[in-house]
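Visitor: Listed below are the residues making up each chain.
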Amino acid sequence: MCCSLKFLMPVMILAVSVAALAQSRPRSYPNLGTPLNPAEIRSFDRMIGPEGKELPPGRGTAKEGAEVFAKRCEICHGKGKDGDNGLLRSLVIGRPGQPYRGTFYGEEKNGPSYYPYATIAWDYINRAMPVPNPGSLTPNEVYALVAVLYYWNGIIRENDVMDEKTLPKVDMPNRNGFVPAVPVYPPEKKPSWW
Amino acid sequence: MGGQSAHAQHVHSERPRRGARYRVDHMTHYTPLQDYAGIITPVALHFMQQHSSEFPEINAQQHRLTIHGLVDRPLSFGVEELKRLPSVSRIHFLECHGNSSPATHGAGDPNMGLPVQYLHGMTSCSEWSGVLLSVLLNEAGLQKEASWLVSEGGDAGKFTHTLPLAKAMEDVIVAYGQNGEPLRVEQGYPIRLVVPGWEAPFSVKYLRHIKVVDQPYMAWNESMNHSVTRPDLGGKARWYHFQFGPKSVITRPSAGLEMLRGYVQITGLAWSGAGVVRKVEVSTDGGRSWKEAKLHAPVLPKAHTRFTFDWAWDGQEAVIQSRCTDQAGEVQPSLAELSKNFAMDLEDWKKTPRPRAIHFNAIQPWKIARNGSISDVLFA
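Protein sequences appear in the order of chains A and B. Residue numbering for the first sequence follows the working numbering, beginning at 1 and increasing consecutively. Residue numbering for the second sequence follows the working numbering, beginning at 1 and increasing consecutively.
With the rest of the complex left out, here is chain B (with noise of 0.2 Å):
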């Protein structure tokens, strides 16, 4: 994996390297963070996490979605009725909660692409568009009681997660285009929920069935892989995680990808669940100082925003890792200081099997060894 040039990345024959990993009961796409330029992720390097080992074949013009529950109106749509009402276009990301987990690292296999791609390309960034879910609830109208909603999607595990109803009016999309294009089957077509800044396992896939309730129902995918216990919760696990904390990486130069001497531009993504990303920081010496870097137009609000910095590598041993903080003032913290929120030391990072820690926004360094190579130091 390992040895190809930063430059020769700049070919324009080269294709992105799409990595996947498929299991019987599960597969997985990364997108390839180092090989697009700007915020919006090509449609074809999406991630994706798809819970069966198939995709569902849905006639978009026999699928409609269902609202009841604590309703006064138990209303169902069909995809053409959901384009004719009031649209919105809207930039966000969508993150894996597992993304960039403790137990990926040191775990790449070929297929997974390089080290920036399977440990953190579980994320990525769209233009979503579709009618907000508020539109549809008000035409339904909710009942007193109504407090949570469950969706349930059309593929085969028949995928289902409970949202807050104060989200669901708050931004929620019902999307049936991604990036100008109708939604792909592995994001859902013919359409999904986007919930921004939140957790991707919120943002049902092939939704078919929204059933307003009056509490979270905790449904299998929600008790079970979406919850993990943690040690300092007394071994508890967190009923849901919502939202995502400020976070950000390192794209190019990364793991894998070989450094020349001379000019280089650090460049990278930066986001966060709570809003814009306020600044970027960037560190060449390990996290002694920092300096600030360029934030590139547009910096939108649950978005990814890309960051760029000047730097010039003398040929010495370096360690490159950058920091975001975002609107609500919260900053992106190191393995350290992560490590004191969940109650566990450094060293336990390093044991086998690893923690699954999820929403994990640890800074990534990234060494650069004399010979110009690059390598994943996180839990060195």
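One chain only, chain A, in its complex shape (with noise of 0.2 Å):
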């Protein structure tokens, strides 16, 4: 719908406009703020892009991560896998082979086959899980999460690696399911809030 070049072409130059207007300008209170250095900024830069390009090295297989969340998720995910979701609404909505594409109705959407970018789980674990300890997981421990949820929910194989190369390329059943695929602003008139 409005990914043509004819809706697109306002915003990249809205987009550089934007840019140019604070580009290059001398500090206008120089005396507030600190400068950070690029070691302060690893230690703390882990939001992750669709591409992935952030994504730190490490490996892991659906067999590893199916022992990960034995430890660190059942308890509150239950067995996942098998229908038991627990206290919280299911992980596991597609099967091998039928990966779930999300519905309008109901609230039940919330399977990692939903999501249109496979990064999205790996960021999300890494951060924000688990619960009471987040950002306690490995690299490792999260590839292999990913895995294994990809794995119940039809998306990958048993058998394949997701590493900082293999899981930006998994191809993700909903990843056409949102338009527009590169959202725009302003929004689209007629009405201006639709």
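It should be emphasised that the hints constitute simulated quantities derived from the structure, not laboratory data. Here a beta-carbon is modelled for each residue, glycine too, at the ideal position from N, C-alpha and C. Be aware that one or more of the hints could be misleading.
Stated by the list, open to error - Output of the computed footprint for chain A on chain B, the stretches with three or more beta carbons under 8 Å from beta carbons of chain A:
id, region
1, 157-168
2, 225-236
3, 285-297
Bring the two chains, given one by one in their own frames, into a single complex with the hints.
Guide: Right, dumping it as structure tokens:
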């Protein structure tokens, strides 16, 4: 709907002109704020984009992930795979060969097969899980958990290895379930809020 | 819940009803829109959606906001430093993207307050004080590839949201004050984003990191809870819903309160993400005829606006409702009009489970029965 060049061109121009506004100006308040060096930035820069450029090295498989899940996740999420969802909504909605694509009705769309990008689960598990010690999983454990979740949901095969190279390339079943593929701002007109 | 006299509510000893719902991964407070006057929501009554079962304990002396990514000068700011920068104080509403959801109608329980509270009480309006985000981004110096930014909160769930840079440079506030107080923990102490006119998930609480990037990052919350598949999009979901449309609701009299014959002041709130409210109309005959309501000053952009309408109830059955027109000339839709946008039949709204429509701004009708009881008839 909005992926045409006609829609994107003004957005690109807008983005460039906005950046130009603030670019390379001298600081107005140089006495406030502390410069950050690259090592400091690396220590907290954990947000992972769609292409997975920021992913750290590591690897994991579904088999390893099932073990991590039992130790670190099952207490809240239940056994997941067998329909026991524990306290939370299901992490497994699809099945091998039949991944779930979401619905307008109902609220059960929390399955990883709804994600447009494979990196989303890695990013969220790495930063926000497990409760109550978020951030305590190693990169290998996170790769393994992502592998088992995607295997249970019918997205990858049991022996597929997830690492910083393979994960961003996982073919997500709902990748085209969102419009516009590249969000635009301002939103399309008529009516402006729709 | 029903049968409480509208008059009895004015007794000063009566406390406002703070509706709440707690789940293992979510805490919600609903603003009692029926229980306060004017446009400023008392801080203690501001709505809250907390994506966890606990609040973070943040030491404000140690808390820092970093700005990094596609900038010339990555910087971090302490809270005290933010308070030394040029400040603004602006009155804006914040509204949950799921406020007024069809799924909530008829789903009340006594802990959630009156219907106008649990149906529409995930909008609130405050005076927010802080520093404009554009000031901080100018200090860091944006690089030419910069087009979006990703904000991360310091809560356990690391609530994360992407924001287009154009909006960030327009009117977004890094807020440390609300209605004259420091932020409370429910509202993101010590600092949060306030993104005026846009759905509240953009307004990240416990703000800790801002990473300037060249594309939307589609963080977990954005991909999951904050996207909804729609029939008008062929069952696909739209990435991001930004600005709220024109909206209004009559807060008194409303469902659960009791009507008395004779003079009654109809009052409510109207707002729009597009700017100021230009006009509010009220109908007392189920939408057949409309009359203009009085707007009370101040009428501010992207803020709640108080309206009143003088009426006398004759004891007959009646349906009252309000309709907002904003400065863009957009008019708040009826349920039938909104259904066309969603490519849905009116009957589809009655299916269970109900559709998960977001940014739901349909006109809200309240039906007054002859015995003076009032009920929600949007889906009746």
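Visitor: Next step is simple, just say for each hint if it's right about the structure.
Guide: Going through the hints against the structure:
1. Counting residues of the region 157-168 of chain B whose CB lies closer than 8 Å to any CB of chain A gives 7, which reaches the minimum of 3, so the coverage claim holds.
2. For the region 225-236 of chain B, the proposed coverage by chain A is satisfied: 8 residues have a C-beta within less than 8 Å of a C-beta in that chain, meeting the threshold of three.
3. Against chain A, the region 285-297 of chain B contributes 0 residues with a C-beta closer than 8 Å to a partner C-beta. That does not satisfy the three-residue criterion, and the hint is violated.
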